[in-house]
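Take any residue in the sequence shown, count from 1 to its spot, add 259: that is its number in my numbering.
Just so you know, the hints here were simulated from the structure itself, not pulled from any lab data. Some hints here could point you the wrong way.
To be verified - Across the chosen pairs, the derived CB separations fall in these ranges:
(1) Ser363 <-> Pro313: 32 to 38 Å
(2) Trp316 <-> Val352: 31 to 37 Å
(3) Thr298 <-> Leu346: 31 to 37 Å
Yeah, the Cβ is synthetic: ideal placement off N, Cα and C, and Gly gets one too.
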Amino acid sequence: MSDFVERDGEVNLTKKAAGTRTHFSGDHLGFQARDYHCTNVIWMHTRLNPGQVPFSWKILLSGFTPAYLHEQRKFDTNISFEELQRLSHINEVALQGDQAADFSGRIRVRLLPL
Numbered sequence: 260m261s262d263f264v265e266r267d268g269e270v271n272l273t274k275k276a277a278g279t280r281t282h283f284s285g286d287h288l289g290f291q292a293r294d295y296h297c298t299n300v301i302w303m304h305t306r307l308n309p310g311q312v313p314f315s316w317k318i319l320l321s322g323f324t325p326a327y328l329h330e331q332r333k334f335d336t337n338i339s340f341e342e343l344q345r346l347s348h349i350n351e352v353a354l355q356g357d358q359a360a361d362f363s364g365r366i367r368v369r370l371l372p373l
C-alpha cells in the first residue's frame with residue numbers, strides 16, 4: 260500500500276506516512292492534521308498574493324515544500340535546488356557564533372552569491 264495517493268487534488272495519508280497517531284481515526288489522517296498544519300496554513304494565507312503557487316501534496320508533506328517552491332520558480336533557479344540547499348546551510352556559522360552577542364545577525368548574513 261502506498262503511503263499517500265494524490266487523486267483529484269486530495270491526498271490520503273496512512274499512519275506510517277505521517278509518522279504520528281495524534282490526529283488519526285482508523286487508518287487515515289483526520290481532518291485537523293490534514294487541513295491545519297503550519298505549512299499549509301501559511302499557504303492558505305498566501306492565497307491573496309498574485310502568483311501564488313498551486314496547492315500540492317508537496318505542501319501537505321512539508322518536507323517536500325522547499326523543492327516544490329524551487330520547481331515553481333519562487334527561489335533562484337539559476338542554480339540547482341541541491342546547490343541552493345548547500346549554500347543555505349548555516350550550521351558552520353551557527354557553531355562558530357554559538358555564544359556571540361550578535362548570533363542572530365551572524366546567522367542571517369547572506370550566504371548565497373548575489
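Checklist entry - Of the hints given before, which are not true for this structure? => result Failing hint: just 3.
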